[in-house]
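Asker: Sequence:
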Amino acid sequence: MSTHGSLDAGGGPPTENLDYRIAHLQDRLASGELGELGVRVEARGRTVLVTGTVPSAPCRDEIVRTVHEELAGFPVHSDLVVTEASSPDHAEELS
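Under our numbering, read the sequence shown as residues 11 to 105, first letter to last.
Hint data in this document are derived by calculation from the structure and do not stem from the laboratory.
Every residue gets a Cβ at the ideal spot worked out from N, C-alpha and C, and that includes glycine.
It cannot be assumed that every hint is accurate.
As the list claims (entries may be wrong) - Taking CB as the label site, the calculated pair distances span:
#  : residue 1 : residue 2 : range
1  : S66       : D29       : 17 to 25 angstroms
2  : N27       : P65       : 17 to 25 angstroms
3  : S66       : Y30       : 27 to 35 angstroms
4  : V92       : Y30       : 16 to 24 angstroms
5  : L59       : T93       : 14 to 22 angstroms
6  : N27       : V92       : 28 to 36 angstroms
7  : Q36       : R56       : 17 to 25 angstroms
8  : T93       : G55       : 12 to 20 angstroms
9  : Y30       : T93       : 29 to 37 angstroms
10 : A67       : D29       : 27 to 35 angstroms
Assemble the whole structure, with the sequences as input and the hints as a guide.
Answerer: Here is the structure:
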């Protein structure tokens, strides 16, 4: 009896297609409006780690939503840093 494609012992989706799904996700991110961002997606065991720097919170939210769509069933840890440059609310004091 073959176990290829079966659920893993934890009851989650099969782990053998995680690398394929991550590659598909990376293609999707690269082909969209977010393609120029340095976002990395890596498998860490059964968990997926998303790292990188994004220009705004809405951009981060869009990436996280896309990751969860593509990798439904796998735990995802997002460590995306927002570099949104907002106007200062007061003058900088130089000493």
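Asker: If a hint holds in the structure, say so; if it does not, say that too.
Answerer: These are the hints, each one checked on the structure:
S66 and D29 have their C-beta atoms about 30 angstroms apart, which leaves the hinted 17 to 25 angstroms range violated. For the hinted restraint 17 to 25 angstroms between N27 and P65, the CB-CB distance of approximately 32 angstroms leaves it violated. At roughly 30 angstroms, the beta-carbon separation of S66 and Y30 lies within the given 27 to 35 angstroms, and the hint holds. The supplied range of 16 to 24 angstroms is broken by V92 and Y30, whose beta-carbon atoms lie about 29 angstroms from each other.
A hinted range of 14 to 22 angstroms for the beta carbons of L59 and T93 is consistent with their spacing of about 19 angstroms. Distance hint for N27 and V92: a CB-CB separation of about 31 angstroms, consistent with the stated range 28 to 36 angstroms. A C-beta distance of roughly 18 angstroms is found between Q36 and R56, which places it inside the suggested range of 17 to 25 angstroms. With their beta carbons about 29 angstroms apart, T93 and G55 fall outside the hinted range of 12 to 20 angstroms.
In this structure, Y30 and T93 meet the distance hint of 29 to 37 angstroms, their C-beta atoms being roughly 31 angstroms apart. In this structure the supplied range 27 to 35 angstroms holds for A67 paired with D29, their Cβ-Cβ distance being about 29 angstroms.
Hints 1, 2, 4, 8 from the list above are not met by this structure, while the remaining hints are.
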